[in-house]
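Chains as they are written, first to last, in my numbering: chain L, 59 to 172; chain W, 552 to 661.
To be clear, the hints were calculated from the coordinates, so they are not data collected in a lab. Computed from a predicted structure; not experimentally measured. The reader is advised that the hints may include incorrect statements.
[What the hints assert, rightly or not] Straight-line distance between alpha carbons at most 27 Å, and here's what the computed DSS-like set of lysine-lysine pairs gives: (1) L:Lys115 - W:Lys604; (2) W:Lys606 - W:Lys619; (3) L:Lys67 - L:Lys141; (4) W:Lys648 - W:Lys604; (5) L:Lys129 - L:Lys115; (6) L:Lys128 - L:Lys67; (7) W:Lys619 - W:Lys605; (8) W:Lys643 - W:Lys606; (9) W:Lys648 - L:Lys115; (10) W:Lys648 - W:Lys619; (11) L:Lys72 - L:Lys115; (12) W:Lys648 - L:Lys129; (13) L:Lys128 - W:Lys648; (14) W:Lys606 - L:Lys141; (15) L:Lys128 - L:Lys115.
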Amino acid sequence: DGGITQSPKYLFRKEGQNVTLSCEQNLNHDAMYWYRQDPGQGLRLIYYSQIVNDFQKGDIAEGYSVSREKKESFPLTVTSAQKNPTAFYLCASSTLAGVLVTQYFGPGTRLTVL
Amino acid sequence: KNEVEQSPQNLTAQEGEFITINCSYSVGISALHWLQQHPGGGIVSLFMLSSGKKKHGRLIATINIQEKHSSLHITASHPRDSAVYICAVGLKTSYDKVIFGPGTSLSVIP
């Protein structure tokens, strides 16, 4: 079955530690995205990538980093510079970047900083 | 003022009721998306529309570009429809900017 997987489902981190969230897709999509969701707020874009070895900052990129070494994978690192990292993180992909395409979402990772 | 607003914020309905969720936006858009987020967190795209109306099963989405308003209707609601429904707009001035609404939490009671 084609789809997007994110791991782990739940993640706990101590303050001051970096942590990497995994996102893998087997849909052969060129574009991938990372969003952050906080209670009562809409999804906010952290980073997106239109093609391998290329990515752009979204609206709230500070304290985060990404890589896109393979088409299938788009890991997100939450660094210690992110002041309020506790949130629900969603990865998505689409055939190409743009507002006229449907994005397919992963199941999400809930990060809690202790 | 948020660029994308939804109403109501929370909605409780009895099984079988007709449900309407509203989305209004204040920016020029190329397309509007309706998404469904299940209690576990996963999100599914329901509709993408830029004009008129679309129907899929018991779900109907409409958009009025002049009034900058869209509605999502659910006919003969069922407890499995319980989820958060999210409206998102793709900006007309930007190739890849999508703004998400805060979501409407729907609970359908048997």
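Outcome of the hint check:
no.	hint	in the structure
1	L:Lys115 - W:Lys604	violated, 34 Å
2	W:Lys606 - W:Lys619	holds, 20 Å
3	L:Lys67 - L:Lys141	holds, 22 Å
4	W:Lys648 - W:Lys604	holds, 23 Å
5	L:Lys129 - L:Lys115	holds, 18 Å
6	L:Lys128 - L:Lys67	holds, 22 Å
7	W:Lys619 - W:Lys605	holds, 17 Å
8	W:Lys643 - W:Lys606	holds, 24 Å
9	W:Lys648 - L:Lys115	holds, 12 Å
10	W:Lys648 - W:Lys619	holds, 17 Å
11	L:Lys72 - L:Lys115	holds, 25 Å
12	W:Lys648 - L:Lys129	holds, 21 Å
13	L:Lys128 - W:Lys648	holds, 24 Å
14	W:Lys606 - L:Lys141	violated, 43 Å
15	L:Lys128 - L:Lys115	holds, 18 Å
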